[in-house]
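Trainee: One-letter residues, chain by chain:
Number of protein chains: 2
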Amino acid sequence: MNNAQKARQEIRDGRWMGPTVYQVPGFVQCNLVVLPKNEAYDFLVYCQRNPRACPVIEVTDPGNPEPVRSAPGADLRTDLPRYNVFRNGALETDEVEITDLWTRNSVGFLIGSSLTFDEALARAGVPKSEEVWVLNTTKETFPAGRFSGTLVVTMRWMTAEQAVIATQLTSRFPYNHGAPVHVGDPEAIGADLQNPIYGEPVRAIPKTVMPVFWACGVTPQKAALRGKPPLMITHAPGHGFITDLLADRVCIP
Amino acid sequence: MNNAQKARQEIRDGRWMGPTVYQVPGFVQCNLVVLPKNEAYDFLVYCQRNPRACPVIEVTDPGNPEPVRSAPGADLRTDLPRYNVFRNGALETDEVEITDLWTRNSVGFLIGSSLTFDEALARAGVPKSEEVWVLNTTKETFPAGRFSGTLVVTMRWMTAEQAVIATQLTSRFPYNHGAPVHVGDPEAIGADLQNPIYGEPVRAIPKTVMPVFWACGVTPQKAALRGKPPLMITHAPGHGFITDLLADRVCIP
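Heads up: the protein sequence lines correspond to chains A and B, in order. Take the first sequence: its position 78, counted from the start at 1, is 97 in my numbering, and no numbers get skipped. Take the second sequence: its position 154, counted from the start at 1, is 173 in my numbering, and no numbers get skipped.
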């Protein structure tokens, strides 16, 4: 058993209920979106049109909760510590498993996360940001069917040198949001520093650093909710799905 | 007008009926697959599961022949010099435009091609291969719905030094098949050198070179035909779609 398999077993057994953030280093962690089959095509096209924000690591066959390529033997209904259940675009409940909600029409989308490159940055001498913000922007994504909306980004503060290293390094991880979408002036992309989705409001950016922005996996979740699907299930924030994929491999096998 | 736009206009006007191979350097050329909407989801999942062979550059909205992101103003019904029309998995006709066959359910898939990196290799001092073979292998792709089959590859002969340069360089082009899928012994992937899809049968590989293999855009076409869809339209071999995308940009804008 590798560490990812061990972690998933603990989660499945109810012995691990907390966040997965920065846990089980070395393995790719994913965001989860579960939609019914009749919404899946438009969502997949949305992801294809916005690959920086929505890098799709795996799409499961309708009804099959096993991500056979990225985590054989795993079960998307039980192997995440917490799930959010949305009905008609509004958060309804927070669950520790979704077996009863999974139907033969359920399709699971595993979407890459920047957690993976945070580890790689640390190994490359770019220290983990003390704070990582999740911010709305005014940049429109490319719509598909009922899915549309503005880009959500993560923001990290770096020195210029670190920003260059981070650009080089994250370019190697197209399945984890790839290179930054923007560096510098937050206003150029309409990043809302006063009302972060995650993190404290930012009063001023220190002169010694520059903000570096990556497309964020909250983007497709937001786009999906905007379309108000009758039922949509996602991972709870910070509680992701741990695959068997090695974070240091560039490509999906 | 850029050179891609000029080329598409000539094609549309019937002044250019020949191949596009190695024409209009600097712009990304694509393979085309047109399927009805009800086949499109499975085909897109097939592409997602086999990204080396099937890098999707654009999916058009059902019925809309304009690839709005990669070539605004273009028309997929008229802007390729030649098309192949397949019915129930068999080649039926060869057309110079497909306006009459395009319906409100038609979805166009533009799939990256290795032509793009051939130019980049030449600029990097790896001379264009005198011959590029297209070969069947025994390597299975990941199936999705009715789409399945073995991997088709292109083969180029290179010195070891060129093979390393080519691996570095093509890694930068994930939307044009990315890094090689194999280097060296053709038997390791069951590459059929005796019955090439394109090129002369290979009797012996010279001692001074090694074969380098990339996943090929014929793979999704073959997978699609194997499912025997009632109607499928593709570009004719060598007659691709020229986008406005700059070949030297790594990413889809």
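Note that these hints are calculated values from the structure, not bench results. Fair warning: this is a prediction, and the values are worked out from it, not measured in the lab. Incorrect hints may appear among the rest.
All copies of an identical chain are treated as equivalent in the list; a pair is satisfied when it fits inside any one copy or across any two copies.
[What the hints assert, rightly or not] Think about it this way: if two alpha-carbon atoms lie no more than 30 angstroms apart in a straight line, the pair counts; the simulated DSSO-like pairs of lysine-lysine are:
id, residue 1, residue 2
1, 147, 241
2, 56, 147
3, 158, 247
4, 25, 226
5, 226, 56
6, 56, 241
7, 247, 147
8, 247, 56
9, 25, 247
Trainee: Give me the numbers of the hints this structure contradicts, sorted from smallest to largest.
Mentor: 2, 4, 5, 7, 9
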